[in-house]
Amino acid sequence: MLKLLKKEFTLCMHPTGYIMLLGALLVLIPGYPYPVSCFYMGLAIYFICLTARENHDASYTLTLPVSREDAVRARIRMACCLEAALLVLIGLMILLKQAIGNTPNPAGLDAGVALIGDCCITFAIFNMIFFPGYYRDINKPGKAFFLASVAVFAWVALVVVATYVVPFFRDVLDQPDPAFMSDKLLFTLGGLVLFLAGTAWAENRSARKFAQVDLNL
Amino acid sequence: MANEMNSPLSVRGLCKNYPEFQLKDLSFTLEAGKITGFIGRNGAGKTTTINSVLSLIHPDAGEVRFGGLLQEEHTREIMEKIGFVSAGMTYYTRKTLKTITGITKTFFPGWDNTAYRKHMESFGLSEDKTPAELSNGMKIKYALTLALSHGADLFILDEPTSGLDPISREELVEVFLRLRDLGKTVFFSTHITSDLEKCADRILFLQKGELKADDSLSAFQAAYRILECSGSVPPEAEKAAKGICRIRNGYTVLLAKEDADTMEETREATLEEIMVHLEKEGETC
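Chains as they are written, first to last, in our numbering: chain X, 1 to 217; chain B, 1 to 285.
If we strip away everything but chain B, and leave its shape as in the complex, we get (with noise of 0.2 Å):
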């Protein structure tokens, strides 16, 4: 409970139903100062879980606390440390970024504007453009930038390096790697698990509304193994696998590391390959 109670950001039992999709009794507890990415497939519920979080809809049961404040209770304290940042989300097109900013750091008590220029410049934003005239790699850059200027702790990130070209992302990357290397909290979601290869610390995988794995990147991806079969899936593999995906020359097969450990000529998974196969987990070759 002491961690919770310390943790920027502590999630238990959040249920969410809708009549097509239920969010299942999530519980997470993020650590202060890492990069935790929140993998799953399109609908698994990584956006409704982090609208949840955010009282932007409102859960059917569970408890969300940031830094051991209550949610609901406080949020304008809250608001005040977290940074929130979706991807395909631009405010006021035509408003320059500096009348965007001008009416941003007056809700912040905080607000630093030395920081404020000093991201701006280090992300090369200029505050004579329109949000209509940046990128969408800059466009996150600038969310950032502000949420960084009114002293967030913790950035809540949707899908942030979505429809963004390779070279983008990795920018991004870099730019979260720098947050961490602040001392920031970053919580990322995402279905580009190259991504977090690259940055995360920790991984949460949601399926079909249910937390299916909470762990460290390493640990996680060594609970796991691959078999690269040419031709068909040999039984006993078959039987073990976790999943089943077809490739040009015949199949992969995800298994756990024990069950790996019998077998010739496994690798190591990667974490595409392991979100992969876990959604095809039960169907067979």
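Isolated chain X (complex conformation) (with noise of 0.2 Å):
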């Protein structure tokens, strides 16, 4: 799995996925939806698997003495540290950000610990739908990005909604730490679980898909 992941890394690397970890620093505008920057990493993935289809990555990949389920769980390991770096770069830019006086964001949840887990339910999101979806016929990862975006910014448009009208995220998680740390924590908790649940989940289905398809390359 590390060669493959190094081959990933190296051969298949689109120079957006380390770019987009840049949207880390959207966390520093007063007023904006920041898990859009987890959409800019899913467009960083997309790139990532349309480049791979113009550079034939999977006759070349399928070639080695890899199995196809190992070729997919290198890929969407390497989306997962791509998107791992991010929800750190955005953890810091919190951080940076209450250090130099946060202020309410109008646009979804503040600059605060429960957006960390707000940004993982949105990569949870993107990978279950995307990562499937793409699997099904690499040839044409389009159809699977769109849907998979579409999931993503009604996820962000409903968090956004729900920080005025449901009073858990209105009263709890959209108020400036620390108050009501420990729901916060536990909501983070709970994005992080399902950020792992949903992209093992997304990993072993597309796994299996891809082992079934014709691949005429």
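Just so you know, the hints here were simulated from the structure itself, not pulled from any lab data. This list has only true hints and no planted wrong ones.
DSS-like mimics (lysine-lysine), calculated; alpha carbons at most 30 Å apart, straight line:
(1) Lys6/X x Lys129/B
(2) Lys24/B x Lys208/B
(3) Lys118/B x Lys6/X
(4) Lys105/B x Lys209/X
(5) Lys212/B x Lys239/B
(6) Lys105/B x Lys3/X
(7) Lys118/B x Lys98/B
(8) Lys3/X x Lys81/B
(9) Lys6/X x Lys95/B
(10) Lys81/B x Lys118/B
(11) Lys257/B x Lys280/B
(12) Lys3/X x Lys98/B
(13) Lys198/B x Lys212/B
(14) Lys6/X x Lys143/X
(15) Lys257/B x Lys212/B
(16) Lys98/B x Lys6/X
(17) Lys6/X x Lys105/B
(18) Lys239/B x Lys208/B
(19) Lys6/X x Lys81/B
(20) Lys242/B x Lys208/B
(21) Lys140/X x Lys95/B
Listing some non-contacts, in silico: residues in chain X with all C-beta distances to chain B over 10 Å:
(22) Leu26
(23) Leu28
(24) Gly31
(25) Lys97
(26) Pro104
(27) Ala154
(28) Arg208
Quick caveat: nothing in here was measured; it's all calculated off a predicted structure. We put the beta carbon where it would ideally sit given N, CA and C, even for glycine.
If you follow the hints, you should be able to join the two separate chains into one complex; please do so.
Structure (structure tokens):
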């Protein structure tokens, strides 16, 4: 798996994978739906899959002594590495923003602990929709990306609305840190669990689908 | 069966059904250390066969063994011993060969760096170049270099000479002969039959998804004769014809050797003539 991960980072990585890490800086904007930076990372993952197609990555990989399942897992784990890096950077930006003076965010959750959980859920949604769809036909990643994007933006919009109308979001999660810290930590932990479990589910489902498809390369 | 178990590649009863095309009960066994040509017109099923053999597509029926090992049960071991090269398939066009090689070699325990350097030099390849900077012939040579360096014994080549100029094709044919001299087995699909006449030991002829011939090149060619007719085709030739083609001044008729023996002035058939005429079998002139 480590060899395949190295292959993914060396041969398949698209520059936007690194550039979109700068999306963490969006947290410094006073009013912005911060999980949109997760969408930008999803866009980079889509570009990676597109580039892989143009570079005949599947035909190269499948002539190596590796299984199709491992090839799928390597790609998804590379994506997870990028997502995890973005989450860490968002965390750092939250700390920075709190140090220099946090202001309430009118477009979704404030820059606080709960935002990390929100971003984890956003990535879980993206991974669970994009990867199984993509591995149904690796030559047509556009449809899977469109569906994943719609779901991600629906979630982002839902959270923005929830910070105005759902008491738990409005009165607990969207309050400045350190208020309601235990509730926020629980929410974030739940988001992290959903991210890990959802991605593991996406990995298994994608591997199963990819094992069944005919590849006319 | 012993032969099948020892063969670098043995295929039994391979079937694949598409709405518009069927691969029908394909069976063949490759001989070790020989070049086997896999011929047929575009759409005959050559690439489908190769993709099935490599498990890139899932056959509806059949069994594929490499050195006696079942493909679906020993994928990793098998892929360590196979070199697959396909024309028009260019990996990572903007990465240097050095980068691609650096990644590729980590997957093969038997990677031989000395052999790699030797083949890169003999093919005139520079590690600092990218695939985008290589000609089609050089790309194929690079793919062959990778396969040779990881110790592949069986080379599966899908239309490797298509799109190449005659000189590049000639160079590749020489490479294939060198591979055979090294004791490697080459399975080489093409519709450019003149390349096979220069190097193949055996011929598999695929027509509309069915294997029509599996023979040595010499026996396959010796089984047919060509009758050239200026003007019309004699009735007895038309009756016995395996296929008739128009030429500038008349017709060429492909005849089975035994039918040709009763006629005068027939000549040897080239592989291309056999293939083209057999595709026209049943058509009248």
